[in-house]
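Go ahead and model the full structure; you've got the sequences and the hints to work with.
Count along the sequence shown from 1, add 581, and you get the number used in the working numbering.
Honestly, I wouldn't trust all of these hints.
List of simulated lysine-lysine pairs, BS3-like, C-alpha gap at most 25 Å [to be verified]:
{"no.": "1", "residue 1": "Lys617", "residue 2": "Lys664"}
{"no.": "2", "residue 1": "Lys953", "residue 2": "Lys973"}
{"no.": "3", "residue 1": "Lys664", "residue 2": "Lys938"}
{"no.": "4", "residue 1": "Lys973", "residue 2": "Lys1050"}
{"no.": "5", "residue 1": "Lys828", "residue 2": "Lys617"}
{"no.": "6", "residue 1": "Lys1045", "residue 2": "Lys953"}
{"no.": "7", "residue 1": "Lys664", "residue 2": "Lys620"}
{"no.": "8", "residue 1": "Lys664", "residue 2": "Lys1045"}
{"no.": "9", "residue 1": "Lys1019", "residue 2": "Lys953"}
{"no.": "10", "residue 1": "Lys953", "residue 2": "Lys1050"}
Hints listed in this document are in silico derivations from the structure and should not be mistaken for laboratory results.
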Amino acid sequence: MQRRQFLALCASSAGSVLLSRCGRGQTQTAPEPQVKRPKLHTSRNGVLELDLEASAREINLGDETVDLLAYNGQIPGPRLEAKLGDTVRIRFQNNLPDPTNLHYHGLHIPPTGNADNVFLSVGSGEQVTYEFSIPQTHSGGLAYYHPHLHGYVADQILGGLGGIFVVRGPLDEIPEIQAAEEIFLFLKDFVVEQDRPMMGRMAGREGDLVTVNGQVNPSFSIPAGGLARLRLVNASNARFYRLALEKHPFYLIATDGHPLSVPVEMSELLLSPGERAEVLVRGEQEPGEYRLLDLPYSRGQMGMMGGMMGQNRRRPGMMGREHMGPGMMHQNDQDSPQTLATLSYSGQVEPQSLPQKLLPVDDLASPTTERKFALNHGMVPGQGMVFLINGKSFDPQRIDTEVALDTIEDWDISNTGVMDHPFHLHTNPFQVIARNGKPEPYQTWKDTVLIPTGETVRIRIPFKDYPGKTVYHCHILDHEELGMMGTIEMQA
582 MQRRQFLALC ASSAGSVLLS RCGRGQTQTA PEPQVKRPKL HTSRNGVLEL DLEASAREIN
642 LGDETVDLLA YNGQIPGPRL EAKLGDTVRI RFQNNLPDPT NLHYHGLHIP PTGNADNVFL
702 SVGSGEQVTY EFSIPQTHSG GLAYYHPHLH GYVADQILGG LGGIFVVRGP LDEIPEIQAA
762 EEIFLFLKDF VVEQDRPMMG RMAGREGDLV TVNGQVNPSF SIPAGGLARL RLVNASNARF
822 YRLALEKHPF YLIATDGHPL SVPVEMSELL LSPGERAEVL VRGEQEPGEY RLLDLPYSRG
882 QMGMMGGMMG QNRRRPGMMG REHMGPGMMH QNDQDSPQTL ATLSYSGQVE PQSLPQKLLP
942 VDDLASPTTE RKFALNHGMV PGQGMVFLIN GKSFDPQRID TEVALDTIED WDISNTGVMD
1002 HPFHLHTNPF QVIARNGKPE PYQTWKDTVL IPTGETVRIR IPFKDYPGKT VYHCHILDHE
1062 ELGMMGTIEM QA
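The structure is reproduced here in structure tokens:
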């Protein structure tokens, strides 16, 4: 068998397991010498231009070689950086055995044509040029590009496709932020061994190998007295990361690419799939090594429907919840924190101060329309288990929500199911107004918000600039594929 055929078999079709050890050695978890920086492509003279290829490749993860899907042969894909007003031109070549496309998660750009069009299909062997401009009014910030062709997206992201997209903006110009050591952390798990794949799909598949920038437990450093700016992306298919850094608080400065008005101190940070966050860390402890941990967290499990799913899957970093409903099986009592990366101090500088303020967060006017959305699951004849929004499974031929541009809407999103769901809206960011009727403790913009089971979250959305249709969905991507997605049309 030729090597090309071998790689194609290891990453064959949307319904199969994508990754394989293919006879390789055992995974090692020893720290890497330094956190890897993905290859960088920056704009020049107002244009960000590059060739981007999606293909099946052998990739080293730790001391193990596995067959993955990659952009330009890298895990993660190359980091793309643009400035406000830049033109972005990406010549995209699909060398996968299946169709695919590109979604620019977090960018406020047109959802039509060859911009952020999730309905565009790029066939195997085809090339498409994506071209769009970053608006001057964009907030800047941290975005994330990945495939988004319905029917293939979950397997392709689980297989390794994804990368960081940075828009430089006003937050980068704050002196304390400029002085901080910038560290990108792309959090991604991989399925190396998986049995009972259908149970994994319904629960949302999590990998047994967790990486940061494609490495197992890499190290990063800051000087004593200095600041680190950790720019975090949850690029996993279903895994939640409940992050804590030993003996170091986080100072949250941005969520989903949007700055806060002031830093917010917190002892831990929860990132659901698709969410991004930026935190500052102060080098104020004694020299030594400090672990970046993924703490236990349970997002619920599918042990219901008369025992249809069997017992819960176990994973590092999960624990039982007292409020789980009947039929849920508590199998995670022995789980413990997992080390993602290691921080150490290198050198010393004059103590750097935290910024006292960041950027103002605009107050939105009262909404002109209010809507309600219920997230749940059920059985559909001929389809089996599906995930639902307002009692409907996704139909690409149906428009679920029609909105008018230059209006503001409030959406109440309730989770009446037994699993947490991160809710993602394309194109237009929103503000989280309240949870269970209580105002949010701080104001910020987001594009992905966690709706825990049994809770209701109110978001306020200004629909601006771009007519056309796009989608909203659960960002546990197996749930999206199994129906938890709707189509929205913005009308001029």
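Tested hints:
1. Lys617 with Lys664: holds, 23 Å
2. Lys953 with Lys973: Holds, at about 14 Å.
3. Lys664 with Lys938: holds, 23 Å
4. Lys973 with Lys1050: holds, 18 Å
5. Lys828 with Lys617: holds, 24 Å
6. Lys1045 with Lys953: Roughly 21 Å separates the two Cα atoms, so the pair holds.
7. Lys664 with Lys620: holds, 18 Å
8. Lys664 with Lys1045: holds, 20 Å
9. Lys1019 with Lys953: Holds, at about 17 Å.
10. Lys953 with Lys1050: Holds, at about 19 Å.
In the structure shown, no violation is registered for any of the earlier numbered hints.
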